[in-house]
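Q: Below are the chains, spelled out letter by letter.
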Amino acid sequence: MRDERPLSHVSAPVLALLAAGLALQIGLHYLTPAPQAKADDLPLPPSTSMLRVASLGEPIALAKVLMLHLQAFDYQSGSKMPYKDLDYTRLEAWLARILELDPAGQYPLLAAARLYAEVPQEAKQRSMMDFIYRQYFIDPNRRWPWLAHATFLAKHRLKDMGLARKYASTIEKYTTAKDVPPWATSMEIFILEDMNELEAARIMIGGLLASGKINDRAELSFLNQRLLEIEERLKRGDGKKG
Amino acid sequence: MLQHILPIARYTLLEALRNRLLWLALTLVAAGLALTAFLQQVAITESNQIQVALLAAVLRVGAVFMIASFVVTGMVREFNDKVTELILSRPLRRGSYFFGKLAGYAAVALMLALISSMPLILFAPASRVALWGLSLACELLIVASVSLFCVLSLAQVISALAAVAGFYLLARTIGALQIIAANPLSDGTALSQQFINFAVDAIAFLLPGLDRMTQTGWLIHGAPAAAEVTGVLAQTAVYLLLMCGASLFDLQRKNF
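Going down the list, the sequences are from chains G and U. Heads up: the first sequence begins at 1 in my numbering, then just goes up one per residue. Heads up: the second sequence begins at 1 in my numbering, then just goes up one per residue.
There may be inaccurate statements among the hints.
[What the hints assert, rightly or not] Sample of chain G residues facing chain U (criterion: CB under 8 Å; computed from the structure):
1. VAL10
2. LEU17
3. LEU22
4. GLN25
5. ILE26
6. HIS29
7. PRO33
8. ALA34
9. HIS69
10. ASP194
[Stated by the list, open to error] To give a feel for the contact side, a few chain U residues facing chain G, derived at Cβ under 10 Å:
11. VAL76
12. LEU240
13. LEU241
14. GLN252
What the hints contain is simulated information worked out from the structure, not anything from laboratory work. Note that CB positions come from ideal geometry on N, CA and C, so glycine has one too.
Using the sequences and the accompanying hints, generate a full structural model.
A: Pasting the structure below:
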């Protein structure tokens, strides 16, 4: 307990000074416009080594803070087109730096796939998907979900089946972890089907079934059914050969 | 009242000179110049900008650290040596003692701001450096007044310095924290989110906008607009008023 005099010892001018100071501070703050991170305020990021120095030995903590700060740029709650004015070259540079500071972190790739790649501007979508594609190769077993999402975007949003197939076949080829669900590594089959590349899809399903990688009975049955359907379509003369 | 304030201010200033605080400031300038000259050699482009940005940042933080630690350690030493009690046993008001100390620390802050600004003239136009230096002086005045308030309330070196450091970091980052809190990607209408927004905004109301002061961009990209400079001056005046009120409130309730 502090040894203090009662409040009555405080003189009236001091109380008035304190009240005036408080009122003026609140008033001044009220008049100052609220801080806002506009898209054109996003600067180029410093080098990774500079950021490591600035992190004072806590690169992961810095990466987390930078990510939270980055996502506030050009995002207005309720806006129909958030991030539309962002410079994507700078944005990519920031995301890459954050991933370099915390390579195991998933937040930058989640933001790339779910936020920045979903703007209604094709060029920006493509550049962000390409970023995800390049980043995938650094750690395929951890980063495959974001390339899978990019595959979905390429197929359904951009309607670019060639790009979707490229991403899907990359996941199939380079993702080796045991805990990756089979749907992720077999996406290429369905894309080939949609592209009417039925012969190639048939070979891929056959290969997948023969490989013994699929153990789930429901999935085996589903793939067998698809194989039969494709063979049926091929007999009817549908699809491109090869 | 002035006859009591001026001697106390003079002795506070004398203490700074005898503590070799100004020599320390000059040493920091020399070290900053050496460090940034080295980095300038390494840089491929924008070497002048790198030099001025890093030098300004180092000198700004160094000056803030020096003024805060000088105020806190000087006041705690006076408490421990019973100098404060000796002065207050004389026929003078507590307010005179407080304003004497504040005037002395303000003079030290102005000297530190001047010393920190001088080397920047080598790399940036003098008019921009002058405005940057003016803003630094304002920032140091705020830090000195907050340090004085903290040490009068807490009377311990560690706790007072920690409080000043916390205040400074929060005041420098509150703008960014407000932006992050105001733009949640998850449900912004959730009660917890609204409470966090309210808390961050409430804290911001009580903090000076140090993130808008002494910006390195003023040295590199262009002088601040008149409204920005006016805002800095107004913020300094208002916050000094608030800190004077809070410190005197605490000092008048203190039993020595």
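Q: If a hint holds in the structure, say so; if it does not, say that too.
A: Now for the hints, and whether the structure bears them out:
Among the interface hints, the one on G/VAL10 holds; its C-beta lies about 5 Å from the nearest C-beta in chain U, closer than the 8 Å criterion. Below 8 Å, beta-carbon pairs count as interface contacts, and G/LEU17 has one with chain U at about 4 Å; its hint therefore holds. Because the smallest distance between the Cβ of G/LEU22 and any Cβ of chain U comes to about 6 Å, under 8 Å, the interface hint for this residue holds. The interface hint given for G/GLN25 is met, as the beta carbon of that residue sits about 5 Å from the closest beta carbon of chain U, less than 8 Å.
Given the 8 Å rule on beta carbons, the hint for G/ILE26 holds: about 5 Å separates it from the nearest Cβ of chain U. For G/HIS29, the interface hint holds, since its Cβ comes within 8 Å of a Cβ in chain U; the closest pair sits about 5 Å apart. Hint status for G/PRO33 relative to chain U: violated, with the closest Cβ pair at about 10 Å, above 8 Å. Taken as an interface hint, G/ALA34 checks out: its beta carbon lies about 7 Å from the nearest beta carbon of chain U, inside 8 Å.
A distance limit of 8 Å between C-beta atoms decides the matter here; for G/HIS69 the minimum to chain U is near 6 Å, and the interface restraint holds. Taken as an interface hint, G/ASP194 does not check out: its beta carbon lies about 32 Å from the nearest beta carbon of chain U, beyond 8 Å. Interface hint status for U/VAL76: violated, as the beta-carbon distance to the closest one in chain G is roughly 16 Å, over 10 Å. Given hint, U/LEU240 at the interface with chain G, holds; its Cβ is 8 Å from that chain's nearest Cβ, closer than 10 Å.
Taken as an interface hint, U/LEU241 checks out: its beta carbon lies about 4 Å from the nearest beta carbon of chain G, inside 10 Å. Of the supplied interface hints, the one on U/GLN252 holds, with its beta-carbon coming within about 5 Å of a beta-carbon of chain G, less than 10 Å.
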